[in-house]
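Asker: Listed below, chain by chain, are the residues.
Protein chains: 2
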Amino acid sequence: MPTITGVEIEDVRFPTSLTADGSDAMNKDGDYSAAYVVLRTDGTDTTGAPLGGYGLTFTIGRGNDIVAAAARQQAALLVGRDVDEMAADMGAVYRSLTSDSQLRWLGPEKGVVHLSVAAVLNAAWDLVARRASKPLWRLLADMTPEQLVDAADLRYLSDALTRDEALAILRAKEATKAERVAHLERTGYPVYTTSAGWLGYSDDKLRRLCQEAVDAGYGHVKLKVGADLADDVRRCSIAREVIGPDRRLMIDANQVWDVPQAIEWVRELARFDPLWIEEPTSPDDVLGHAAVRRAVAPVGVATGEHCHNRVMFKQFFQAGAIDFCQLDTGRLASINEIVAVLLLAAKFGVPVCPHAGGVGLCEMVQHVSVLDYVAIAGDLEGRVTEFVDHLHEHFTDPCVVADTGSGSGYVLPARPGYSTQMHPASVAEFRFPDGGYWSMRQSSEDSVLAPVR
Amino acid sequence: MPTITGVEIEDVRFPTSLTADGSDAMNKDGDYSAAYVVLRTDGTDTTGAPLGGYGLTFTIGRGNDIVAAAARQQAALLVGRDVDEMAADMGAVYRSLTSDSQLRWLGPEKGVVHLSVAAVLNAAWDLVARRASKPLWRLLADMTPEQLVDAADLRYLSDALTRDEALAILRAKEATKAERVAHLERTGYPVYTTSAGWLGYSDDKLRRLCQEAVDAGYGHVKLKVGADLADDVRRCSIAREVIGPDRRLMIDANQVWDVPQAIEWVRELARFDPLWIEEPTSPDDVLGHAAVRRAVAPVGVATGEHCHNRVMFKQFFQAGAIDFCQLDTGRLASINEIVAVLLLAAKFGVPVCPHAGGVGLCEMVQHVSVLDYVAIAGDLEGRVTEFVDHLHEHFTDPCVVADTGSGSGYVLPARPGYSTQMHPASVAEFRFPDGGYWSMRQSSEDSVLAPVR
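First to last, the protein sequences are chains A and B. With the numbering used here applied, the first sequence covers 0 to 452. With the numbering used here applied, the second sequence covers 0 to 452.
Just so you know, these hints were derived from the structure itself, not from any lab. C-beta atoms are modelled at their ideal positions from N, C-alpha and C, and glycine is treated no differently. Mixed in with the good hints, there may be bad ones.
Now the in silico label distances, taken between C-beta atoms and shown as ranges [as the list claims (entries may be wrong)]: (1) D230(A) to G90(B): 23 to 31 angstroms; (2) D88(B) to Q146(A): 56 to 64 angstroms; (3) R293(B) to Q146(A): 47 to 55 angstroms; (4) R293(B) to G319(A): 17 to 25 angstroms.
Construct the complete structure from the given sequences, taking the supplied hints into account.
Answerer: And the structure:
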């Protein structure tokens, strides 16, 4: 019944490069940014407030305007659409947004046009969940296997996963969904923290943050590595000393190595018993990851935040290239493609530990991980979802991580939608280049606000 | 000595969808387009004319503005650069344009930001070749092995190709380069034509165009397939009947199949003895192509026009997934990445048969194929480069294909540069949306100029 009456696309950038938050060996000075999509409707929600859809994709600064421009072209296709008709066939909505052959040429299914369609579809999924007055994970978990498979994009996957196999995976979990929901309501979904280990932090800050992570109940801590081996050895020593032998340490190289170099470097760090090496080399290099994995076992191999689509994940699974699937909710084309990857991962028995951090990613991944446990993988073994404690204050319904007694976990989202609505005041302040913050910074160039390098 | 004083980026679109030129099973109504980059300098060439650099990437319509916007941001980095200093280290120019970590996030090395950097670097290579008063292929063929390897991007390739191996490949061809140049001066570089076989053409038009290709001396003809099997059988019958048993027939599915469907469909068409099946499935599916290749031999497998970077090609070679490498001069990041792929292909013994057609691609690929033969692969066996006879009239130095007595071939380019300068009048007419043609079409909507479907 409600109809989409308009779209607004905002280029929102936060000056995170000032504090080295998010710094790693590849990305030294990112300004965490969102290409933010707002779908307006003529309807109201159950509280009488205007009904809208709010979605985003994450970038690290320059070029966020390019993603926003692409999202503007794609989102325009939704104006005039009936929200209930969309909700009844989100697979069709996905196909209508991804099958323009002229725009497809610019990927296909990768890069700017895929990031932008993710933002638009994330807003569409948020909208239909709000319309149903359900958190998105529950909307999806309440679907029948047929409905969920119809929403998923299984194109190009049939050599690895047929529709019948997908249905069988979902049917096998159907009867016990409520038990798993009840379990997560008690424990939350397991998380790990990356907030401690950014490459630009001093040793003292690293030590202090590792201790804070231990004190907060985290069982896992992740460090950035890859710029300098001696530094990495020293930082891993500090982290291992603080977290002790039983908590898990992960390391993340953010793609800086060639394959032979990755193998050599990880072997040097293996003495610190890392659970995984993340992004050891180019995110496109399926066979390279497989070679690294064979060479560095028992250290696991993880990747996915830059894995651009389900066809790449299919190959990572087929080639036995990864131990952990770190899909990204801003890079895959929203729930339609994410469900396909969750199904593939379940088929191949690879645990999904989504990438988060940035801006808004934690808000989204909690829904994805909960869906995975409740309706698809049905298992928490080997699963732990990233959490970074930055920028949540800009969201109206921020994720909550709490220690429930069995370790830190994402508290099950309870409010309708995908949790990615931003405060209008935050958008007004950090819109680039004309928001309050950026206008002021521009006018005070060369002042204390200049970037610290 | 000359300095880049400014850049101009144009969104140029040709209304090819009106005539179904370029139609295939995935791309039914492309408007062939160029994100066109002009680098202005304060210098002159040897004729006294203003010295400039002209480059492009190819798209098929909508979204060309997005690529142009990205190119504008990247090309701005070149303003103020000394042309001779650039020419002395084009590897550094490449790195300066591709290593912005914030823009890199939008790929990495794929999609819009990779297409756009290709356009900018194509213009830069055109500029340095014009400055040297050499066609680009000769500028490159005259480089020492060390110079050419220094210009190439070998990052992420060392597990398949070391720098020393790259140098050895080039050194082995050094002494005999002049002989191969002389050979091409006599024969041209072998071509095949796709002009005959677009999917939207009628059977009569297909028959006539196949006959024209035979009459013009072509030894190869390519057809689009994949929309309907019965149609494909009929069209392949017509083509094979016209070209006879000895000329080669190629078929191209433009990514429409899943892997099992590709295998089944190609087996049905195998009776027409195709040399290759092109783009049988997703361009990202290295392992899928390998499976298709194993299943449809002796039909070869070809792909590359959507293969987004050297890391993907490395895996296609490592996995034994393709018989023919169809790299694209608008999709790879110009000569720097193309040389890396040519070296990989030479190492693995896979013939490179570049993708062309579109707008401006034929102008570029002639330089690449000549370089490959003269300095890298040193062989014509199994090589044939695409030629499509559309839109050449818009270039100041269009490629020329002629029958030299030993079959049709690209005539060796003789004028300085990369052959991609467009006539200013063409840009003025087809600039979108404000050029003469598009302004008129907009004002006569619903008239005879409306697209024919």
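Asker: Determine for every hint whether it applies to the structure shown.
Answerer: How the hints compare with the structure:
1. D230(A) to G90(B): 23 to 31 angstroms: Holds, at about 27 angstroms.
2. D88(B) to Q146(A): 56 to 64 angstroms: holds (57 angstroms)
3. R293(B) to Q146(A): 47 to 55 angstroms: Hint violated: Cβ distance 37 angstroms, outside 47 to 55 angstroms.
4. R293(B) to G319(A): 17 to 25 angstroms: holds (19 angstroms)
Taken one by one, the earlier hints fail for this structure only at number 3.
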